[in-house]
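Novice: Residue numbers (the numbering used here), protein chains in the order written: chain B, 1 to 382; chain F, 1 to 84.
Quick caveat, the hints were computed from the structure, so don't treat them as lab data. Please note that a few of the clues may not be correct.
[As the list claims (entries may be wrong)] Below are the BS3-like pairs computed for lysine-lysine, each with C-alpha atoms no more than 27 Å apart in a straight line:
| # | chain 1 | residue 1 | chain 2 | residue 2 |
| --- | --- | --- | --- | --- |
| 1 | B | K219 | B | K144 |
| 2 | F | K4 | B | K382 |
| 3 | F | K79 | B | K377 |
| 4 | B | K377 | F | K9 |
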Amino acid sequence: MDNTSQQKIVDEAREFADREIRPFAAQFEANEAVPRELIDKMAQRGYLAATFPAEYDGLGLDPIYYGLLTEEIGKADASTRGLLTVHTSLAGEALARWGNKEQKEKWLRPMAQGKKLACFALTEPEVGTDAKNVKTSYRKEGNKYIINGAKKWITFGNIADLFLTVTTGEKGITAFIIEREMPGVKTTPIKGLLAGKASHIAEIQFENVEVPAENIVGKEGSGFTYIVNTALDHGRYSIAWAGIAIAQEALEAMITYSRQRSQFGKKLHTHQLIQGIIGDAVTKVHAGRALCLRAGQLRKNNDSNAVIETTIAKYFTSKIAMEVAVDAVQVHGGNGCYNKYPVERLFREAKILEIIEGTSQVQQEIISSYGLRAYFKPPAKK
Amino acid sequence: MELKEQIRKFIESNLVVFEDEAEFSDSDNIFEMGFVNSLFAMKLVNYIEENFNVQVANDDLEISNFNSVNRITEFIENKRSAAA
């Protein structure tokens, strides 16, 4: 698809978000649910399959325009954007990349149409960052596999139909598509969250769930190296843009407020210390966007450096989303601490991005490891 | 540049240990030696597909296909001859 057509989709997504999402974001949070009607509307517009190939009813957006679309949805509401992250990026992209033809036929099209919602079930009650040590187990019995264990903090897990589930067993880490209707699957919503309250976050129990061999994604034992890494790479790319979304939305709120609100007889933006905050926020957003666009371009080119550049973008934008959201609250003063002002929600939502799809500390380790090799200049031999 | 040499250079540019700690032969298992990590495995797939006009399929997802200079080279050569 040419860039003009892709930009048109992004422009329409902005109008859609302005009309159908942003005005109701606080209500979604109060109700603790992104409504099904909204999900259906997003599916009708192809957003749930934004990156899928046209043969599976996808829009076929390239990584750059998918990022821009993610930003538009994420600016309006982080919980709604979460559906793109887990359904389209984590589960969808992993299936599109490593699913066999039969699996793609069976699941990608219903996922595109919104008839099947998918999520990514990796984290467990006792296993977060240490993802290689998941406890959820599989064992082979004939031509089927028996799954036992529990997953936690699974975004959209409470309403998803398909769980791309990471397990461990005889041959190592293995990824299965587990379907909700399989006997032994139970989901329980998690309440009392700091943010992501509307994103149907759940704990999932698998009790002697029988899964056919054809539901293995990739090969038995290849789950971590290929499926988890692929899913998380796409997840990190999505979160990189989610960070820009929150930072940009917070920046716009900060600037709008500073031009409307007066203190000491003059507008907030005329105070030099407020100008300092605004100047820093603009710079951070521009820098973060540049990193996201570079990662997107490398992904589009299938460049092997895309993985590290995506990691850098995710680390940076989740950090600046938090910083800009904190500053946006500061500029709003008391009003910023009140849920009638969106910056209060942005402040809470930003924190999540520094934790999901790899904590900032894990990203720092990866980036440091890269930098220690990429930027070493051996001393000249005498 | 010879295929093996290209593969070796790519591995050397993606080590998780310092260059002077990483001596390996063409048959050494670079994963077992701890010289690369699982992120490398994913980068390697992109690298192979982008540079050698080879498609890595889900049936190819055995780490044994990619764990040494020799195995990676054989994998690419086998794919090329199968496509020829």
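Novice: What's the verdict on K377(B) and K9(F), does the C-alpha distance respect the 27 Å limit or exceed it?
Specialist: Given pair K377(B), K9(F) holds - Cα atoms ~17 Å apart, limit 27 Å.
Novice: K79(F) and K377(B) were given as a pair; does the straight-line alpha-carbon distance stay at or below 27 Å?
Specialist: Answer violated: K79(F) to K377(B) is near 37 Å, above 27 Å.
Novice: Between the alpha carbons of K219(B) and K144(B), is the straight-line distance 27 Å or under?
Specialist: Roughly 14 Å between the alpha carbons, so the hint for K219(B) and K144(B) holds.
Novice: Just to be careful, I want the Cα atoms of K4(F) and K382(B) compared with a cutoff of 27 Å; is the pair within it?
Specialist: violated, 31 Å
Hints 2, 3 from the earlier list are contradicted by this structure; the remaining hints agree with it.
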